[in-house]
Structure formats: C-alpha cells, structure tokens
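So you can see what is in the structure, the chains are spelled out below.
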Amino acid sequence: MRLLISNRKALTPVVASIILCGVVLTVGISVWSYTYSITRSLEDNYYEKVKRQIDAVSERFIVEHISYDNTSSVLNVWVFNYGEVDVQVDVYVRGDSEGRNATGILIPNGQIVAVSVSLAAEVGDELSIMVISRRQNIVYSTYIVSSS
Amino acid sequence: MSTRLILSHLLKSRTAISTVLGMLIFVGILFTCVMPFFLYINQVNSLYERKIIEMKQFDQERSLEKLDVYAYPLNQSSNQISLYIKNRSPFTVEIVRIWINDQYIPYSIQIPGTNECTTDPIDIQDILPHENVESFYIKVTTARGNMFPSQTNPLQYSSDYGWSGGHSFAINLVIEMDAGVYNFIISVTSSNGTTIYDEEVWVLHSVSLMRKISVSGPDTYHIRVVQTMGIDRTCERDVQITLEEPTKWVYMDYPEDFQ
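Sequence order for the protein chains is A and B.
All letters in the first sequence, in the order written, are residues 1 to 148 by my numbering.
All letters in the second sequence, in the order written, are residues 1001 to 1259 by my numbering.
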C-alpha cells in the first residue's frame, strides 16, 4: 500500500479505467433507455395503426329500411350496425332529389338508428342512397318514393 | 492456450473492462428492446390476420343464411298476425326485428339449423286501416344483417272484408289449434284429380300452422287435412281460385272444423 501510494504513476491507469467504465456505463445506459422508450413508442403507434385497420375490417352495417314522409319532406334511412364495433355514418342522397346528413350519426354495435335526411321529393322519384362510415366503408341502396 | 492469451491481453489492456461492459449493454439492448419489439409486431400482425379470417367466416355464414318467411293473419278479420319461419341454412339464425311496412317490432327468437318456428301472435291493431284497403309488407331482419321478406307479401286488409290475398296464384292455408302435439296430413288436388300438394306435418306446441300452396292458375282446388294423432279427424274444403282473386286464405279451426 505504501509502495502504491509512493508510486504516483500506478494510480493513473486505475483512475483511467474507472473513468472509462463510468463513461461506458453512462453512455450505455442512456442508449438503452433511449432505445427502450423508442421501441415502446413504436409498438404503441403500430398497435394503434393496426387496431384502426382491425376496426375498419370489423365494421358491418346495412341500410335496413327506407321511408319517405311526404308531409315533413324527410327521408328516413334505417341503418343497422351488425358488426363488432360502433360506427359513425354520414348519409348522402343523389338521384331525382338530393340531400345529405353528414353529422356523423353514431350507431352502437347491434343497434339500428334512423338517419333523417331533409329533401323535397315527389312520388315516383328514384333515389340513390350512399351511407359512408367515418372509417370509409360504404353501403349503397336505392329507393323509389311512394305515397306515404 | 489461446484463452490464457486473450485473458492476459485483456488484463493488460485498459479498455478491456469497458469493451466487455459495452458489449454487455449492446446485448442487453438487443434482448430487452429490439427482440421484444419484433415479437410484439409479429403478435399484432397475427391479431390482424386472425380478425380478417373471423370476418371472412362471418361473411360466409351471412351469405349462407336462408329463411322462408310466411306472414299470415290468424283469421279473416283478425288484428293479429303470426309468422311461420323455416330456417333453410345449416346453422342457428337469430331474428332481431320484424318489419310491418315502415314500423318495426324488436323481436328475439333463435331458430336452429333446418328447423322451423311460428312466432307468437303480433298485435297490429294500431296500424290497421279504419277505412279503405291497405297493403302490408312484412319482412324479418337477422342478427347477421340479412333481411327476408314474407312470401305472402303483400297482405291486404280491408276494413269491410278483412284480410284478402296477394298477387300470385296460391292458397294460404291456416290451421288454428290449442297448444299440443298434432300430426296433420295436408293434400290439395286440382279439379282433374291431380295432387298438387301433399305434406305430413308435425306440430309441437304451436297454436297455428300456416302453409302457402302455390297453384298453377284459376281452378277449383280440393283441400283435405287429416289429423292423425289419436282418432283420425278430417277437414275438407273446395277453394275456387280466379283471376280476380288469385290468392285465397283458408282457415280451419281444430277440432271445430274437423270430423
């Protein structure tokens, strides 16, 4: 010990080794921590992206019934969500009369909702109805206005 | 020998411990971050593919769903209708709604594959017209999102004459009875003696039985229904189908109309 203290040159390699180890550990742990947080973030983003795709492919809905109320000039489009996820839909009507309801009506899974579209139609008008979900799935239907 | 050389070289080298530490950290990053990341991605991809397969199966089942629906009034002036539904698909079908014109009635009934059922009477007093004639279009919706219209559409109701037939040449036969077990043999022959319909039907705890018998055209048809459980009892009717009235409703009450 006395020899080591008296030999000042011997201390330098030891201190250098300790400093080097400390630097390696600090940089290594920082890199590990950064990589860990980046991969977790990438995982979450990827899951969210795939979850959105899964919801889009699980979405199922139909136009179950259509009726036109001549007195109030309202076309009622009953949309049935028979899929596994809730859907938000907009209804566009083209043809002899035009109208839309783009308020993003929410239809919980397993439920039926009547979407009202205001339009002025005559008896015998042919209407093309497009129901588009916010996940970009589309269902079409046609309707000939009858006397109600 | 070579191991001893490497060890002695490492012990002499100042950077040896740091190199080992660096390598350990690198391997640690590989095993705790990179590999779990790829395994996770793989799992999420499997989830997506599994969902696609599930939905394809769901769509296939939906496309195979097939029901024969017959809506019928319980008697000539009844304010109630029933639906006789035959499931022609191989799996259970759940009915979630019955539509009568623009109104729907939430309903829940499950019909096992290739089975049939008759719904409880549905009261439609509120929508029957108090004057003139009105047509009723009836359809059912299944949980898989299919719709099946009644083959007896349209049912026509007149406030003066009650229910009348549709547009095709047919005899709609309705037998009403108390709940129980019955065995009916239904046969229909045309005026020249040709049998155009012959069926044996078991009725289990239903209160009505309905059959739509399509006929070839105007003629007088002879309907013979025999109930064979216990003592045989028979009910016979002659029905005239004309161009003016192509569909006729025939009602038989058991046991009142049977001898």
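Derived by calculation from the structure, the hints in this document are not laboratory data.
Incorrect hints may have been included.
[To be verified] Below, in silico cross-link-like pairs of lysine-lysine (PhoX-like), each with a Cα-Cα straight-line distance of 20 Å or less:
| hint | chain 1 | residue 1 | chain 2 | residue 2 |
| --- | --- | --- | --- | --- |
| 1 | B | Lys1066 | B | Lys1086 |
| 2 | B | Lys1051 | B | Lys1066 |
| 3 | A | Lys51 | B | Lys1086 |
| 4 | A | Lys51 | B | Lys1248 |
| 5 | B | Lys1212 | B | Lys1086 |
| 6 | B | Lys1086 | B | Lys1051 |
| 7 | B | Lys1248 | B | Lys1212 |
| 8 | A | Lys49 | B | Lys1212 |
| 9 | B | Lys1066 | B | Lys1248 |
For each hint, the structure was consulted:
{"no.": "1", "hint": "Lys1066(B) to Lys1086(B)", "result": "9 Å, holds"}
{"no.": "2", "hint": "Lys1051(B) to Lys1066(B)", "result": "25 Å, violated"}
{"no.": "3", "hint": "Lys51(A) to Lys1086(B)", "result": "39 Å, violated"}
{"no.": "4", "hint": "Lys51(A) to Lys1248(B)", "result": "56 Å, violated"}
{"no.": "5", "hint": "Lys1212(B) to Lys1086(B)", "result": "12 Å, holds"}
{"no.": "6", "hint": "Lys1086(B) to Lys1051(B)", "result": "31 Å, violated"}
{"no.": "7", "hint": "Lys1248(B) to Lys1212(B)", "result": "10 Å, holds"}
{"no.": "8", "hint": "Lys49(A) to Lys1212(B)", "result": "53 Å, violated"}
{"no.": "9", "hint": "Lys1066(B) to Lys1248(B)", "result": "26 Å, violated"}
Hints 2, 3, 4, 6, 8, 9 from the list above are not met by this structure, while the remaining hints are.
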